[in-house]
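Residue numbers (numbering that gives the first Met the number 0), protein chains in the order written: chain A, 0 to 446; chain B, 0 to 349.
These are calculated hints, taken from the structure and not from any lab test.
Values in this document were obtained by computation on a predicted structure and should not be read as measured data.
Treat the hints with care, since some could be wrong.
Listed next, with one range per pair, are the computed distances between beta-carbon atoms [as the list claims (entries may be wrong)]:
#1 A19(B) with D319(A): 54 to 64 Å
#2 V70(B) with G315(A): 37 to 47 Å
#3 E436(A) with V53(B): 16 to 26 Å
#4 E443(A) with K231(B): 55 to 65 Å
#5 E443(A) with I240(B): 26 to 36 Å
#6 K231(B) with G28(A): 51 to 61 Å
#7 I34(B) with A202(A): 35 to 45 Å
#8 A202(A) with R178(B): 54 to 64 Å
#9 V314(B) with E436(A): 56 to 66 Å
#10 A202(A) with S154(B): 50 to 60 Å
#11 A91(B) with A202(A): 54 to 64 Å
Simulated coverage check for chain B against chain A, where a stretch passes if three residues somewhere in it have a Cβ under 8 Å from a Cβ of chain A [to be verified]:
#12 3-16
#13 115-129
#14 291-298
#15 341-347
Every residue, glycine too, gets a C-beta built ideally from N, C-alpha and C.
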Amino acid sequence: MKTFPGGVHPHDFKHFSKQAGIETPPLPGKVAIPLSQHIGAPAKPVVKKGDEVLAGQLIAEAGGFVSIPMHASISGKVTRIGPFAHPGGAILPAIEITGDGEDNWVDLPEDPDWQSLDAAEIKKRIAAAGVCGMGGAGFPTHVKLSPPADKPIDTVILNGVECEPYLTSDYRVMLERSEDILAGLRLIMKALDAKRGYIGIEANKPDAIKQMRTLVKSEPNIKVVGLKLKYPQGAEKQLIYACTKRKVPNKGGLPMAVGVVVQNVGTAVAVYEAVRWRKPLVQRVITVTGSVVKTPKNFNARVGTLYSHLLEHAGGATADIGKVISGGPMMGFAISTLDTPMAKTSSGIVIMGIKEAQKDTEYTCLRCGRCVDICPLNLVPSMIARNVRYEDWDAADKAGCMDCMKCGGCAYVCPSHIKLIQWIDIGKNKIGQLRREAADKTKEKQG
Amino acid sequence: MRNTFAVSASPHLHDKAGVASVMWQVAIALTPALIVSVVLFGYRALTLTMLGIVAAVITEALIQKLRRVEVCITDGSAVVTGMLVAFNLNVASPWWLPVVGSVFAIAIGKQVFGGLGHNPMNPALLARAFMVASWPTLMTAGFTPTKFGSINGLSEAVKAQLPDAITGATPLTVAKALRDTTQVSHDVAVNVINNLADANVISDLFWGNVGGVFGEVSAAALLLGAAWLAYKHIIGWRIPISYIGTVFVLVWAFGGVDGMFSASVFLPLFHIFAGGLILGAFFMATDMVTSPVTKNGRIWFGIGCGLLTVVIRLVGGYPEGVSYSILLMNIFVPLIDRWTMPKPFGEVKA
Chain A
0 MKTFPGGVHP HDFKHFSKQA GIETPPLPGK VAIPLSQHIG APAKPVVKKG DEVLAGQLIA
60 EAGGFVSIPM HASISGKVTR IGPFAHPGGA ILPAIEITGD GEDNWVDLPE DPDWQSLDAA
120 EIKKRIAAAG VCGMGGAGFP THVKLSPPAD KPIDTVILNG VECEPYLTSD YRVMLERSED
180 ILAGLRLIMK ALDAKRGYIG IEANKPDAIK QMRTLVKSEP NIKVVGLKLK YPQGAEKQLI
240 YACTKRKVPN KGGLPMAVGV VVQNVGTAVA VYEAVRWRKP LVQRVITVTG SVVKTPKNFN
300 ARVGTLYSHL LEHAGGATAD IGKVISGGPM MGFAISTLDT PMAKTSSGIV IMGIKEAQKD
360 TEYTCLRCGR CVDICPLNLV PSMIARNVRY EDWDAADKAG CMDCMKCGGC AYVCPSHIKL
420 IQWIDIGKNK IGQLRREAAD KTKEKQG
Chain B
0 MRNTFAVSAS PHLHDKAGVA SVMWQVAIAL TPALIVSVVL FGYRALTLTM LGIVAAVITE
60 ALIQKLRRVE VCITDGSAVV TGMLVAFNLN VASPWWLPVV GSVFAIAIGK QVFGGLGHNP
120 MNPALLARAF MVASWPTLMT AGFTPTKFGS INGLSEAVKA QLPDAITGAT PLTVAKALRD
180 TTQVSHDVAV NVINNLADAN VISDLFWGNV GGVFGEVSAA ALLLGAAWLA YKHIIGWRIP
240 ISYIGTVFVL VWAFGGVDGM FSASVFLPLF HIFAGGLILG AFFMATDMVT SPVTKNGRIW
300 FGIGCGLLTV VIRLVGGYPE GVSYSILLMN IFVPLIDRWT MPKPFGEVKA
């Protein structure tokens with residue numbers, strides 16, 4: 000079975016929610032739609048307080064090429080535009096819509112010719128629907144589909160790995176919407192003029208692998224790749240390596256450098272809907288799970304729905320809550336309030352009890368080298384963290400601080416419980432700041 | 000329902016292993032060798048080990064109190080150090096020797112540098128070097144045969160060819176003397192070296208039926224513990240295999256007295272199972288604090304240890320070189336780490 004070098008084996012905790020079929024929760028009374036749900040410039044509001052909106056109506060336009068527009072996810076009235084809790088843990092601007100309870104939608108007529116559109120039109124519709132990568136990072140999809148002319152793409156990989164423990168949203172989408180995923184993949188391949196398509200799925204989802212395989216039997220250029228159960232199998236560079244043996248260059252290199260584009264399976268469904276019905280991305284499947292959730296669910300929920308609403312309809316908590324994680328437990332954000340809205344990138348929330356959330360004491364580094372053994376990017380995490388601790392930014396940079404993708408494998412295995420990702424994050428911020436300052440200085444000199 | 004949630008950096012899951020579990024696993028892995036030494040040399044082996052452990056733990060606690068840092072004697076690291084110090088002793092040692100050794104190991108070998116994780120050299124080996132320098136006779140002479148009567152595995156017929164002074168010596172001392180032409184004639188040396196590579200001798204060395212410091216005589220018991228540590232992912236293959244592999248190749252090449260590759264291909268087995276190589280390669284060179292963190296660095300570290308061990312055993316002044324070679328390589332660890340920084344995944348020239 001294919002995989003990548005390094006990696007860790009956390010228990011996958013998927014049993015809580017993997018049997019729960021996708022369900023639509025009751026319509027939320029209000030939603031808060033963040034203007035930043037993606038990598039790039041925030042969207043710019045085109046509505047004002049008091050405006051009546053329909054579900055699917057444009058409420059904020061893209062703030063640039065690397066940006067996406069936002070649409071209302073329920074019908075109702077705009078009641079506030081301002082700071083709101085954000086699923087990334089910060090406080091960021093959002094548009095709050097109080098619902099009228101009617102769920103009136105804009106017209107979404109089917110385009111009968113959707114299968115014969117050209118690449119430019121496909122990309123236009125994807126951009127207009129506000130689609131971004133739904134695996135977590137949220138890179139605008141139309142940008143990924145518009146590589147420069149000197150970087151031809153020959154391979155598209157759909158990411159159905161879902162290597163984060165607990166989460167099962169991609170898994171349920173693969174079981175319940177496999178044909179739509181395939182339709183989305185064909186559209187993405189057409190938009191890029193790519194010859195080959197792969198769908199990468201981790202070995203702990205054998206039924207999804209089987210179902211997708213049956214579906215692509217008659218497709219000579221699409222292959223389902225079963226991948227070894229190992230974290231972070233679903234990280235972009237690791238997935239590309241496992242499927243194609245190509246290595247994406249470090250120091251900020253992108254998959255297009257090796258002729259590959261990776262999209263999440265959920266994104267493929269959004270692409271399919273955007274092209275066939277011009278349907279904007281206003282709902283997605285999100286897992287609500289954890290040891291203290293009464294009935295863990297996979298919800299098809301509206302973007303902007305508050306986590307408190309989702310938890311309530313998953314039966315609530317059976318014990319005191321210790322930690323709420325927006326996303327998966329390896330790379331997700333611990334948030335301080337359940338009144339946080341879900342975004343287009345929200346694949347799940349994990350609710351932990353008091354005991355699970357307890358902090359471990361940090362010991363000194365034993366130099367055991369476990370972090371070095373497992374780092375999928377072949378870095379020396381302990382050395383980066385030590386350099387950051389002593390504020391030796393140059394050494395931290397040289398040790399590969401900026402290359403780290405923060406998968407968290409090192410901190411997971413560290414017997415001294417050193418918060419390696421926290422140190423590396425501090426390093427990334429500081430080194431980024433120093434680089435920007437240096438760039439400004441050079442500009443000043445030249446100007 | 001509570002409304003305050005813990006907020007921390009990712010990841011929010013953690014592997015079960017902690018510092019204490021790692022250290023206690025090492026202590027467990029050393030237990031088979033301790034049991035075998037009690038069988039071979041009697042309860043005094045256990046008494047000396049207990050004295051070493053108690054002295055190490057008390058010293059650790061006292062110094063941590065003095066330094067006003069958290070007392071963490073329950074993490075098991077002092078217990079392991081105490082065990083390893085005692086394992087380096089002759090079973091006939093006086094009771095105070097493991098005590099002095101353990102106090103030195105913890106105080107000078109570890110705590111002066113800042114405690115666990117900060118010591119540049121293996122504390123137990125440093126203590127051994129200190130004891131050998133201070134009480135050379137107690138540390139290197141007067142070894143007794145095991146309860147089964149063997150001291151070096153050689154048959155009476157072979158012993159009869161040797162000078163009296165070394166017939167009752169431990170295997171490595173015999174091997175050393177054979178390379179000294181003033182003590183042993185060339186023909187006798189060739190003959191006895193071939194006998195050292197004999198199946199009976201190697202079997203005695205493997206099971207531990209030879210004289211020597213009590214913790215390292217039984218390769219079998221140590222290997223059992225090492226297998227446990229490997230299974231628990233506490234030690235990796237890189238250091239022990241490169242260390243022992245280097246010893247194998249070098250002894251094969253230079254172990255004979257008639258030029259390169261003149262010795263039997265089984266002579267390396269004698270050198271691997273004799274003395275402290277198994278204990279050193281699996282339990283001391285692999286000490287995580289004092290070995291390289293990079294994967295290639297660990298291989299170079301093992302090769303360096305092997306090279307120095309063979310040089311000391313075949314050319315140097317001592318019969319045994321494991322402890323000095325590991326200590327010397329410990330000093331090179333920061334340099335090795337720097338020279339062997341791994342290439343990041345997808346490395347491009349900037």
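Taking the hints in turn, this is what the structure says about them:
1. In this structure the hint that A19(B) and D319(A) lie 54 to 64 Å apart at CB is violated, the actual value being about 28 Å.
2. Between V70(B) and G315(A), the C-beta spacing of about 44 Å keeps the proposed range 37 to 47 Å intact.
3. At roughly 57 Å, the beta carbons of E436(A) and V53(B) sit outside the given window of 16 to 26 Å.
4. About 57 Å separates the C-beta atoms of E443(A) and K231(B), a value consistent with the hinted range of 55 to 65 Å.
5. Checked against the hint of 26 to 36 Å, the C-beta distance between E443(A) and I240(B) comes to roughly 56 Å, which is inconsistent with it.
6. Between K231(B) and G28(A) the beta carbons are some 53 Å apart, a value that agrees with the proposed interval 51 to 61 Å.
7. Separated by about 42 Å at the C-beta atoms, I34(B) and A202(A) satisfy the suggested range of 35 to 45 Å.
8. Hint check: A202(A) to R178(B), Cβ distance near 57 Å, so the stated range 54 to 64 Å holds.
9. In this structure the hint that V314(B) and E436(A) lie 56 to 66 Å apart at CB holds, the actual value being about 58 Å.
10. For A202(A) and S154(B), the Cβ-Cβ distance of about 58 Å falls inside the hinted range of 50 to 60 Å, so the restraint holds.
11. Distance hint check for A91(B) and A202(A): the Cβ-Cβ separation is about 58 Å, which falls inside the suggested range of 54 to 64 Å.
12. Counting residues of the region 3-16 of chain B whose beta carbon lies closer than 8 Å to any beta carbon of chain A gives 13, which meets the minimum of three for the stated coverage.
13. Closer than 8 Å: that is the beta-carbon criterion, and the region 115-129 of chain B has 3 residues meeting it against chain A, so the requirement of 3 holds.
14. A stretch counts as covered by a chain when three or more of its residues have a beta carbon under 8 Å from one of that chain; for the region 291-298 of chain B and chain A the count is 5, and the coverage holds.
15. For the region 341-347 of chain B, the proposed coverage by chain A is satisfied: 7 residues have a C-beta within less than 8 Å of a C-beta in that chain, meeting the threshold of three.
Of the numbered hints stated above, those contradicted by the structure are hints 1, 3, 5, listed in ascending order.
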